[in-house]
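Respectively, the protein sequence lines represent chains A and B. Each residue of the first sequence is one higher than the one before, starting from 1 at the first, in my numbering. Each residue of the second sequence is one higher than the one before, starting from 1001 at the first, in my numbering.
No wet-lab data here; the hints were simulated from the structure. No experiment lies behind these values; they were computed from the predicted model shown. Glycine included, every Cβ here is placed at the ideal spot set by N, Cα and C. One thing to keep in mind: the hints can contain errors.
Claimed, not checked - Here are the simulated distance ranges between beta carbons: (1) A:Glu-510 / B:Phe-1015: 55 to 65 Å; (2) A:Ile-400 / B:Leu-1105: 45 to 55 Å; (3) A:Val-492 / B:Tyr-1078: 44 to 54 Å.
Stated by the list, open to error - Listed next, the stretches of chain A that the computed footprint assigns to chain B, with coverage defined by at least 3 CB atoms under 8 Å from CB atoms of chain B: (4) 129-138; (5) 170-180.
Residues per chain are reported as follows:
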Amino acid sequence: MIDKPSVDWFALSPVLALLGASGIALLGAVLMPRRVRGPFAATVVALGFAGALTAAALVYAFTDEATSIVADAVRRDRFAALAQMIVAGCGLLAVGISYGGRRGGRVEAGERSDRRTASGGPLFGQVADVTSEYYALLAAAGAGMAFLVSANNLMTLFLALEWFSIALYILCAIDVDRIASLEAGLKYLIIGSFGSGALLFGSALVYGATGELGFAEIARVQAAQGLADDPLLLAGLAMIITGLAFKASAAPFHMWTPDVYEGAPTPVTAFMSAATKATALLLMLRLLTTAFPEQEDLWTIAVAVIACASLAIGNLAALVQRNVKRMLAYSSISHAGFMLIPIAANNALGGRALLFYLIPYAAMSLGAFAVVAARERELGEPVTLDNLSGFGWERPLLGIAMWVFMLGFAGLPLTGGFWGKFLAFSAAQDRGWTWLVIAGVAATVVSLYYYLAVVRAMYMRSGAELQLSGTASSVAAGGSPPREALLSLSVVAALIVTVGTFFAVDPVTELARDAAASLPF
Amino acid sequence: MGNFLVWVVWVAAAFACLGSAVAVITFANPFYSALALVGNLGSLAVLYLLLSAEFVAAAQMLVYAGAVMVMFLFVIAYLGGRAETPWAGGPGWQAVAAVGAAGALLVEIVVAVGLKAGGRLSEEADVDAFFGGPHEIGRLFLTDHLLAFEITSIVLLIAAIGGVILGSNARSGPESTGGSPARAGGTRSPAPSISAAQPPEGEAAR
Chain A
1 MIDKPSVDWF
11 ALSPVLALLG
21 ASGIALLGAV
31 LMPRRVRGPF
41 AATVVALGFA
51 GALTAAALVY
61 AFTDEATSIV
71 ADAVRRDRFA
81 ALAQMIVAGC
91 GLLAVGISYG
101 GRRGGRVEAG
111 ERSDRRTASG
121 GPLFGQVADV
131 TSEYYALLAA
141 AGAGMAFLVS
151 ANNLMTLFLA
161 LEWFSIALYI
171 LCAIDVDRIA
181 SLEAGLKYLI
191 IGSFGSGALL
201 FGSALVYGAT
211 GELGFAEIAR
221 VQAAQGLADD
231 PLLLAGLAMI
241 ITGLAFKASA
251 APFHMWTPDV
261 YEGAPTPVTA
271 FMSAATKATA
281 LLLMLRLLTT
291 AFPEQEDLWT
301 IAVAVIACAS
311 LAIGNLAALV
321 QRNVKRMLAY
331 SSISHAGFML
341 IPIAANNALG
351 GRALLFYLIP
361 YAAMSLGAFA
371 VVAARERELG
381 EPVTLDNLSG
391 FGWERPLLGI
401 AMWVFMLGFA
411 GLPLTGGFWG
421 KFLAFSAAQD
431 RGWTWLVIAG
441 VAATVVSLYY
451 YLAVVRAMYM
461 RSGAELQLSG
471 TASSVAAGGS
481 PPREALLSLS
491 VVAALIVTVG
501 TFFAVDPVTE
511 LARDAAASLP
521 F
Chain B
1001 MGNFLVWVVW
1011 VAAAFACLGS
1021 AVAVITFANP
1031 FYSALALVGN
1041 LGSLAVLYLL
1051 LSAEFVAAAQ
1061 MLVYAGAVMV
1071 MFLFVIAYLG
1081 GRAETPWAGG
1091 PGWQAVAAVG
1101 AAGALLVEIV
1111 VAVGLKAGGR
1121 LSEEADVDAF
1131 FGGPHEIGRL
1141 FLTDHLLAFE
1151 ITSIVLLIAA
1161 IGGVILGSNA
1171 RSGPESTGGS
1181 PARAGGTRSP
1191 APSISAAQPP
1201 EGEAAR
């Protein structure tokens, strides 16, 4: 008789809620009448994300002591619970952003701007309705991420990474009638597989050196056998960092980011930029602090260098972008740099800073892409700084929201982005790395230029330019812009989180502190 | 003597593995690449056997070299395995840089393994009779790696759903209504606009 490990269903409940929602949404694609499939799937998946959020909050509340569960495969702690809450929140907003473009039936969104090929003919005559599958995959990706942040050994780490990556590859390519979407899916697949390959190879080397898969066990064996300078282990560690940096889209592993973010459906981009980055960075923090404390002097420098490269490349490349999605993609690379700073600091303040930073960042990122999605549906073509002109006057709510998100990205006060950057820089200062703080501040100053360019484009254009902007838009054709209650609601929610984290900095920092306390600093 | 034989088999399998891996990525014809991949998987299975992992070796042959590769070949044959010309115009700087980086990584790992293991590689590890057997692997799946085992099925399920989604969309393309065998090629052609610009007669009439 085999002694099966006991399963802590409560700790797994956020993941199971999302998996369940995904399954029900898929069943709905078969059982429900065609008309209600889209709304049904969206509702089920939204409920799934809400359930995961609640479950994660409960796990957070009822977990005082961090424990390893299910044969030490996953970790039940507040760190994972808070991370799951972030992922579930991102998913909830992503469903709200998606709904306007995906109600089911024939695809109606203006997002399929390049649906027609250059010669004017349709790429495909009829596109199958994959609305239910879209929402199901969104929930599945969220489940993978929720699982990844609680991974406690190299095997669950890799499998969870593949889990959400595969779902995202498909989501990127789901608009098969758009070449850009297919291109995004393919590019993400190939480069993502390369990153996964690096991670897997690195894991194999680490296993070869230590003979252990569990994070804590790896650290224990190293300490016991004096493996701190073991070349095999170091090669493995370098490759693992590479693999995770691919997922977090940190430079120089960022090459896929602009193309994929631009080509993927905008709600998917929003979800990816917020949730994928959050999980990759949080897992990096957990893995490095738990499994490799002995190599601390090496990986902190490596992470700091990656952070500086991301800050430099992300900000400088964002300066010259006209396409707003591409600009936000480069901005997300630079934010990966900002969030790697607290990881490099490797202290308790750093853990707190990363967890805090991620909350307003995820909200701002989702909100900004939501505004882009709204403009895209209105215009039916990719959003550039030029055709964004006058948007702030046409849609006051979205305009003001975008304004706040941009200021938040830049880290100005009255948004949580300010405290995020403040805490991240304090963590680096705590470690005594003033040069990293200076790099971060310099990057912030540069970033103001392109963030304010968006605000300028939205509000400060002459009337003549306004007339020009709407040539392709439904507004110019006499129709009123599509009003989407759910999208506006998502933007408002993102706005509340962005501004709320500025004013409620103490309670949120406390949440982050309790969560970071689960890690061995 | 037995040790010598092991060495011979190991060297042969290792070189076959490396050679076929290089062949997979250099052949211009995807059909040959797939066949080289069979060789790669087969020689890997031999290496697994030498490591006393009999069950994994058998599974490797049955599942990968058998089932998966047959599927690969079916797909290539179905889509019409057109020869690509990856080296047309000579290797670009990216290819050179990639080979350089891969070489550096190879050297790094060889040095790392050499430093780490040194003389220890020639020693035989002591494994018990159950090591690598189906019984032991099954036990691990249900105990230590229970969750990983379950997740694998979820990952495969998601991949299958994705395949259906992307495949079903390609099926509903205009070319398929005409039953033309070229329809799958249309999605892969370098300039889809050319084929899409001229829909079949029936499509245009509608």
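Outcome of the hint check:
1. A:Glu-510 / B:Phe-1015: 55 to 65 Å: 60 Å Cβ-Cβ, so the 55 to 65 Å window holds.
2. A:Ile-400 / B:Leu-1105: 45 to 55 Å: For Leu-1105 of chain B against Ile-400 of chain A, whose Cβ atoms are near 50 Å apart, the range 45 to 55 Å holds.
3. A:Val-492 / B:Tyr-1078: 44 to 54 Å: 50 Å Cβ-Cβ, so the 44 to 54 Å window holds.
4. 129-138: As far as the stretch 129-138 of chain A goes, the hint holds, because 4 residues have Cβ atoms under 8 Å from chain B.
5. 170-180: With 6 residues in contact (Cβ-Cβ under 8 Å with chain B), the coverage given for the stretch 170-180 of chain A holds.
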